[in-house]
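Top to bottom, those sequences are chains F and Z.
Just so you know, the numbering used here puts 159 at position 159 of the first sequence, and the rest follows in order with no gaps.
Just so you know, the numbering used here puts 310 at position 41 of the second sequence, and the rest follows in order with no gaps.
For the record, the hints were derived by calculation from the structure and aren't laboratory data.
Virtual Cβ for every residue (Gly too), placed ideally from N, Cα, C.
Zero decoy hints are in this set.
Over 10 Å on every C-beta distance to chain F, these chain Z residues come out as not near it, computed from the model:
(1) GLU275
(2) HIS333
(3) GLU339
(4) LEU455
(5) ASP518
(6) GLY536
Residues from chain F that face chain Z, not an exhaustive set, calculated with beta carbons under 10 Å:
(7) PRO46
(8) GLU128
(9) THR131
(10) MET132
(11) GLY135
(12) GLU136
(13) ILE138
(14) ALA139
(15) ALA140
(16) LEU141
(17) THR143
(18) GLN147
(19) PHE151
Distance ranges between label pairs, derived from CB positions:
(20) Z/PRO302 / F/GLY234: 33 to 41 Å
(21) F/GLN16 / Z/LEU463: 51 to 59 Å
(22) F/LEU20 / Z/ARG290: 22 to 30 Å
(23) F/LEU9 / Z/LYS294: 37 to 45 Å
(24) Z/ALA301 / F/THR244: 47 to 55 Å
(25) Z/ALA301 / F/ARG8: 54 to 62 Å
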Amino acid sequence: MSATSFVRLLERVGAQGEGLLAYLGGLGYLALDVLKHTFAGLVTRPRIKADETFFQMVRLGVRAVPIIFLVQLLVGMTLSFTLAPVLSDYGQLDKLATVISKAVFPQLGPLLASVVLTGFAGAAIAAELGTMVVGEEIAALRTSAIQPIRFLVVPRVIACILMTVALTVLANVVGTAGGGLVAYLVLDIDPWQYYHTAINSLIIKDVATGLIKGGIFGFIIVIVSCYEGLSVTGGAGGVGRATTNSVVRSIFLIITANCAFTALFYFVW
Amino acid sequence: MSETVEPILEVRGVQKFFDGRQVLKDINLMVAPGETVVVLGPSGCGKSTLLRVIIGEHAPDAGHVYMWGEDVCCASAERLDRLRQRFGVLFQSGALYSSMTVGENVALPLREHTDLDDQIIEMVVKMKLELVGLRDFENLMPSQISGGMRKRVGLARAIARDPQILFYDEPTSGLDPIATSVIGQLIIDLRTKLGVTSIVVTHDMKSALRIGDRIAMLYGGEFIAVGTPEDFRNPTDERVRQFVEGLADGPIPLRVSKTNYLSDLLGVGQPDGQ
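Work the whole structure out from these sequences, hints included.
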């Protein structure tokens with residue numbers, strides 16, 4: 001490699017790194033702004049819009065229930081089919097519920113619920129806010145002295161975090177039950193025995209870390225999608241790009257955060 | 270404008286660049302309370318940019334904008350919000366909130382910034398919509414009404430809180446002649462009856478002559494003429510004359526490309542036309 005092409009490579013890496021830092025910085029600023037407006041909205045007027053928050057919870061979360069139910073049921077069943085032969089080989093088939101619940105509650109439940117929600121809620125938020133930017137609605141809000149962060153972003157953030165946690169609970173239960181369904185129908189394991197094994201093998205840490213991660217992933221989804229939506233430029237194409245970016249970047253950040261938090265909980269809890 | 274009157278709005282030495290291109294060059298403007306100033310100019314001359322700088326949407330690269338003596342450009346977010354509660358803006362597209370009905374759009378500034386109860390708000394909404402002739406459309410969504418109607422609803426929303434200054438971005442473009450006349454009359458009425466100060470950005474010559482107390486013509490990022498409608502009816506500047514009379518030939522070219530047409534067409538020569 002010649003010296004100039006090496007310098008060019010360095011320049012490119014540097015530019016990419018700078019872009020990444022600027023992006024993360026932008027997300028950080030938005031997150032801080034959201035926190036500021038949320039706390040201000042709790043203690044002073046204008047208050048957080050409860051009806052808007054509730055509307056967003058229904059729109060972003062409740063409508064995702066069927067798809068998350070189905071996805072998680074299938075994942076639980078698949079896990080059961082995959083793990084049963086291995087456990088059988090070791091004569092440990094009665095531990096199936098343990099393995100499945102230990103996989104679902106701290107990991108697969110929050111992870112898959114939030115990945116599905118990224119496509120469901122994240123894309124919707126980015127497209128909606130992006131269209132509002134293009135239609136000058138955001139500028140109109142600002143010039144009416146209505147802060148878009150307080151008016152639009154805060155209700156979505158609260159709704160998305162609450163619903164990701166709630167959907168994580170659903171995903172956990174359905175995922176483990178999906179494994180139990182295969183255990184009962186195919187492997188002849190008594191459902192009560194499966195249930196009791198699962199309950200007894202779960203410790204508080206498994207459940208709590210799963211829910212904490214669910215909340216964090218919800219925060220990632222909503223901050224990324226709001227940021228992408230609000231920074232749209234260039235019309236319909238820009239809205240499309242923001243929607244795609246919000247899904248891809250949310251999923252990447254969720255998986256990165258999952259790894260980081262799993263490691264953290266491994267060491268400190 | 271009398272020298273003794275304190276200006277309600279003052280633009281001092283404003284410059285604005287986009288990607289190295291200077292869009293506004295040293296703009297100065299004083300607006301007295303109750304005055305209607307029309308900023309006139311061909312498309313792409315920087316009118317809307319100037320408006321956005323004045324209302325605090327864009328920060329100028331140099332210069333200052335003062336409203337009620339307060340610097341818009343350096344104001345904190347809280348101060349700026351307090352200023353924004355005292356002026357209204359009509360955007361070119363109307364910029365209605367697409368998820369709310371026409372009535373909710375007009376009601377929003379009242380709901381957000383006042384303690385008025387719902388009955389009063391509803392009454393004010395009906396009054397404002399009646400002013401723009403759209404009272405029967407209160408329960409429709411913005412997507413269900415025409416572009417011209419959206420603009421009129423945008424105006425009803427801008428005047429919902431009885432602002433002291435109103436900014437209009439192309440208030441009459443895309444409107445039929447009757448609606449144009451109604452909006453023009455409304456701007457005049459707001460001034461004569463309520464003493465509202467108006468800054469109107471437009472390229473509609475007829476409206477400009479009708480509603481303006483003063484007209485400032487923006488071309489190439491600077492004011493090339495400032496005067497009364499009477500001055501504009503008999504312009505001395507050739508560029509102003511071309512614009513006022515709507516002539517195709519004159520010092521203001523339609524084409525703004527810097528490259529040589531022939532070499533661009535044939536794909537020869539330097540990309541920058543040299």
